[in-house]
Amino acid sequence: MLREIKTFVAVSQFGTFAAAGQQTGLTQSAVSAQMRTLENALGIRLFDRSGRAVALNAEGVRILPMAREMLALFSRMAQPEDLVDYRGAIKIGAISSVQTGLLPAVLVSVHQQAPALETKLIPGVSSSLLTQVDAGNIDLAVIIKPSFALTKDLYAETLQKEPYVLITPPDVSGDNALDLIRQHPFIRYDRSSFGGRMVSQFLREQRLEPQLALEIDEIDAIVKMVEMRLGVALVPLAGLWRDRPANVRIIPLAGLTFYRELIVVMRHANRQAPLHKFITDRLRHHAASPLQLPAVE
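Take the position in the sequence shown, starting the count at 1, then add 1008; the result is the number in this note's numbering.
Quick caveat, the hints were computed from the structure, so don't treat them as lab data. No incorrect hints appear here.
Pair by pair, the computed Cβ-Cβ distance ranges are:
id, residue 1, residue 2, range
1, S1058, A1038, 14 to 24 Å
2, L1220, S1135, 14 to 24 Å
3, R1215, N1065, 47 to 57 Å
4, A1066, P1131, 34 to 44 Å
Below, computed lysine to aspartate or glutamate pairings styled on EDC-like, alpha-carbon distance capped at 20 Å:
id, residue 1, residue 2
5, K1169, D1289
6, K1232, D1251
7, K1099, D1289
Just so we're clear, the structure is a prediction, and the values are computed from it rather than from any experiment. For glycine and all other residues, C-beta sits at the position ideal for the given N, C-alpha and C.
Construct the entire structure; sequences and hints are all you get.
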């Protein structure tokens, strides 16, 4: 019955029997037959069928979290307790600043403990990675905490709070962050991202309408644009630029400082798996180094 449950989860994710079949290597008729078998075994209907269209009904929505949990538990049954015995692959999602900041040292630790494990790094923005964890496409992800509550099927743990600062080209004078944002072109952290929404909220609260020079999601790219004197920017102290001598002035926001919260998120059923616990522990360890706000340069 596990194959039918796996196909059921695929149908819920991809929306049609045909699309689920493409993902699982089944024909549309085979998917349909498996779903009838599952419905007969459970004694309930799981879909509203209208012609070729199918959608989960109330019962289907109700059992979907349980189906995902069953698949996760079955997967854990095959996992060894000793990390050195791990085989196969794990998919880890990470936003760009984590890929160049927190994650490399963690992956080194993982491969020292589980040398036969293949790690697949999945890049993306927080919203996309969160959706993929929820759907079971990736095992865990390090993302920015969203402003909304996570579903009950997901487990999240805070790793770090990263303060935002204003960065300017080195030849820009002045120490008042709000005045500098008003006076210079502004490179905007993509407002569709979780971190960029925090910048948008700060600008609204401070009644700032800066002259937009560029909007981009990559923090290290934003820093590079500031180094090239394209404008000023509000960015978190995170990623590769913290560890290299960036040619910018860093101006703390003092009493106006706001933070983005970095979290590791996974499906709740996996939180006790030895590998997930080890990765979370290493993330926690490497995130524990205190962030020091620099003095105004």
